[in-house]
Amino acid sequence: DAKTTQPNSMESNEEEPVHLPCNHSTISGTDYIHWYRQLPSQGPEYVIHGLTSNVNNRMASLAIAEDRKSSTLILHRATLRDAAVYYCILRDASNYQLIWGAGTKLIIKP
Amino acid sequence: SAVISQKPSRDICQRGTSLTIQCQVDSQVTMMFWYRQQPGQSLTLIATANQGSEATYESGFVIDKFPISRPNLTFSTLTVSNMSPEDSSIYLCSAAWQVGGPHEQYFGPGTRLTVT
Chain D
1 DAKTTQPNSM ESNEEEPVHL PCNHSTISGT DYIHWYRQLP SQGPEYVIHG
51 LTSNVNNRMA SLAIAEDRKS STLILHRATL RDAAVYYCIL RDASNYQLIW
101 GAGTKLIIKP
Chain W
1 SAVISQKPSR DICQRGTSLT IQCQVDSQVT MMFWYRQQPG QSLTLIATAN
51 QGSEATYESG FVIDKFPISR PNLTFSTLTV SNMSPEDSSI YLCSAAWQVG
101 GPHEQYFGPG TRLTVT
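For the protein sequence lines, the chains are D and W, in the order given.
Each residue of the first sequence is one higher than the one before, counting from 1 in the numbering used here.
Each residue of the second sequence is one higher than the one before, counting from 1 in the numbering used here.
Since the hints were derived computationally from the structure, they do not count as laboratory data.
Being a predicted model, the structure only gives us computed values, none of them experimental.
Heads up, the beta-carbon is just placed ideally off N, CA and C, and yes, glycines get one too.
A portion of the hints provided could be inaccurate.
Which bits of chain W does chain D cover? Going by a derived footprint, with three or more residues having C-beta under 8 Å, they are [claimed, not checked]:
1. 42-51
2. 106-114
Heads up, incomplete: computed chain W residues facing chain D, CB under 7 Å, no partners named [stated by the list, open to error]:
3. MET31
4. LEU92
5. ALA96
With the hints as constraints, model all of the structure from the sequences given.
Below, the structure is given as structure tokens:
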């Protein structure tokens, strides 16, 4: 299974953009890049996914490197409610299994 | 989107007993999954709950320890059998709609199990 590497934790100021990096150097051509987040004492929540092109939705943007070996989740204007563990996950198109790494704990400072 | 509920939300059980966790989805879904999340750790997939057939277990998890049922497209149960303190964890149910497509999984709030 392809693996992802993320920083253990990051800090950001409220109202500022946040860039959460993820390395996935062993990604295969059929792997989708998914991001989930888990707020304290809650189940994980889907954030965004992509394959090759950059993606935007109401929660965040996903920037994917041209060689697909890395990606960055962008929160355009972080709020205190964005404090969570963010997981970058590769999912093969042929199945639904999500292989979870350790994630990045995002701390938002007021 | 889907709303997923789990019962119980938490429980404290004695070793050697069993606990059944229920997962209810507010709409019919193709796939349902059970995960375990130990304190401060990431999620580990236990099994895929298959409607009308035996669940598909991941390496390290067996049916005798974690029997799973899925009688229809909106409901599943996970039983943690013959519990030991090492089974203390959060158990999460998730659901998704379509195999092969990049659709998101929706998660329940989890069941926090403590085994004494």
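| request: Tell me, in ascending order, the numbers of any earlier hints that this structure violates. | output: none
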